[in-house]
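Student: The residues making up each chain are set out below.
Protein chains: 2
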Amino acid sequence: MITRIAKPKKPVLYAAILAGGRGERFWPVGRASRPKQFVDLFGGKPLIALAVERLRGLVPPGRVLVVTSRDLVPATRAALPALSPEQILGEPQGRDTAAACALATAWVGKRAGEDAVVCILTADHLMADSAAFRRTLAAASEIAARRPVMGLIGIRPTHPATGYGYVELGPPVAGPGLPKGFRRVRRFVEKPNLGTAATYVRSGRFVWNSGMFVWRVSTFRAALAAYRPALLAAMDRVAPRFGTPAQGAALAREYEKLDKISVDYAVMEKAPNLVAVRGDFGWDDVGTWASAGAHLPADAEGNGVHGLVRTLASHGNAVVNAEKGHLVAVFGADELVVVHTRDATLVCPKSSADGLKDLVRAIGGDPATAAFVR
Amino acid sequence: MITRIAKPKKPVLYAAILAGGRGERFWPVGRASRPKQFVDLFGGKPLIALAVERLRGLVPPGRVLVVTSRDLVPATRAALPALSPEQILGEPQGRDTAAACALATAWVGKRAGEDAVVCILTADHLMADSAAFRRTLAAASEIAARRPVMGLIGIRPTHPATGYGYVELGPPVAGPGLPKGFRRVRRFVEKPNLGTAATYVRSGRFVWNSGMFVWRVSTFRAALAAYRPALLAAMDRVAPRFGTPAQGAALAREYEKLDKISVDYAVMEKAPNLVAVRGDFGWDDVGTWASAGAHLPADAEGNGVHGLVRTLASHGNAVVNAEKGHLVAVFGADELVVVHTRDATLVCPKSSADGLKDLVRAIGGDPATAAFVR
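Chains as they are written, first to last, in this note's numbering: chain A, 7 to 380; chain B, 7 to 380.
Quick caveat, the hints were computed from the structure, so don't treat them as lab data.
There's no promise every hint is true.
Calculated pairs, DSSO-like style, for lysine-lysine (alpha carbon to alpha carbon, straight line, at most 30 Å) [stated by the list, open to error]:
| no. | chain 1 | residue 1 | chain 2 | residue 2 |
| --- | --- | --- | --- | --- |
| 1 | B | K266 | B | K197 |
| 2 | A | K363 | B | K356 |
| 3 | B | K356 | A | K330 |
| 4 | B | K197 | A | K363 |
| 5 | A | K356 | B | K363 |
One chain only, chain A, in its complex shape (with noise of 0.2 Å):
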């Protein structure tokens, strides 16, 4: 036998991918039966699926959660065949990310105690640099594990976006063994206009917040006792049924009672040990057709395509064909949205593509085409 030194223990890392959401803004390829995580045309995979492989390495699949809506368990089990089924648990009414979060954390707990930490992750976002991010997840947790603080993984802005909440950054969080780049929070800003969102990206102050979140189990209890205390008390009468066959009918009788209410506005804009760091990873929510393009390959005219797809004298567009054995062409077309399946086909400008939702509703609201979007 050979002695070794003993290394400061590594803290036990979990991943909790939220994943619920609509298809609204992807439709025909998104549907209310299938929302965006389910989109694949991003790498050939669905995103939840590019969710789960970008851990590789940081956090291996059986650690791995996913908390999505109980309707979309099996095309979650489907589309993520490495995850067993009690890594999947789907909630029985959408109660916003407050419960999400305290109930993957009760998971968590339950599974490997007060001291594992837990990454709340999106399943439906797009990373350019996967290895820089998982710098960043690992950071964050290695100072989560460390102090009891809760690690708010923050985007540097690229452009005065006026669809993200903002993150007002404060002093540096140091101390010896301590990553670097991690300051206090001073405060949240909801989405800002135009105007004000320049002047944050040029302060060099503010981050956008992701919606990303590292926590040790411990930390984020003492948070939800200060603020949140029935939510805490809810999940810790759910945590016993986890696995079990009563597992659904807790949640079911739990939720039932939970107020509907995002983990920002219930626990991170009053906790005062909040702490984030300036992520630069490629991050993209892929919000809408018309960013999306962006991440589809190029054709010879510049257009980002998918699929059988032909242009000519058209430049700018994205054009989508999940249809095998068709063909989509655009002819003197420029900065267009075309998204064939199917069964449905969707034309519109690109700068229509944030409305698309408008769209859905209509088409929704009507009985001759509400089959299209379920």
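On the provided structure of chain A, position chain B as indicated by the hints.
Tutor: Relative to the frame of chain A, chain B by itself:
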């Protein structure tokens, strides 16, 4: 027996519908194997069926002849089940309209003699006022029966079109019992530029050349004898084989040697015995998807639509959906052409529809997509 006063004998009237053409301008509904005359978006029937139908009361189906390409004979029979097989002639090669007119006239001559009147008609135009069209044809056939003239059905110009040939009208043709409105033809003018076209329209002396003609068999034979004797001789060699098993071989033998030339160049521009009428029956050659839009039913937002289509915040589009069970949705877009069929979808601005053949040729020239234009 009751004795009646003998009326002047009505001419025996035949209609010869020239149905060559290509599908390029109506891709993807039109294909090389399914040219424009088979497009069935207007009134629920193929254009060629509408061409036969609008003759009702003037020319019975038994006196209709269709001249098309040999490849299209089966599709033509399917579109015109009321016609017997010998009424559909398949040309072995495209030799332009001089050959088709000579062939049709020879066929009518063999069947009904030299005094029969032939109306040369198009397979792929629309006429809003069928009754007015029949009145014009009846008048032209009356004059062609009584006088050794060839009648051109002109179209009263509605705008300074630059895509049509123009015909300048001369002095009126008058005489006892002759129909009114016919004038001698002064000259043919090829597609003019916009300024010249505007002058023509303002002058009131010009009509568009519709490509529709009316003549007695004997009159056209005399013109061929004068200007295209080889063509007349070729058709005289074919004539004995009409309706026999030798017809195909005879056509193949003669067509091989024929010049490819339009009847306008070969005969009409040379003949002194040409008369024309200023037709006014809502003629439209439906030249592109952009012009086709005006003939489609309008939706609530004023878009021309066919099939299961939903538009929102969209105006002036032509949206054709030829696939049952499929939804085409247009959102926030104006002045587009969107055409969907089972295996192909086209998106282009109306302003580009005129150049659609460029796209079709590009698709046809690529082995990966050539099948979609055949």
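Student: Hints first: check each against the structure and report whether it holds.
Tutor: Cross-check of the supplied hints:
1. K266/B x K197/B: Answer holds: K266/B to K197/B is near 20 Å, not above 30 Å.
2. K363/A x K356/B: holds, 26 Å
3. K356/B x K330/A: Within the cut-off at roughly 27 Å; holds.
4. K197/B x K363/A: violated, 48 Å
5. K356/A x K363/B: Given that 30 Å is the threshold and the Cα spacing comes to 26 Å, the pair holds.
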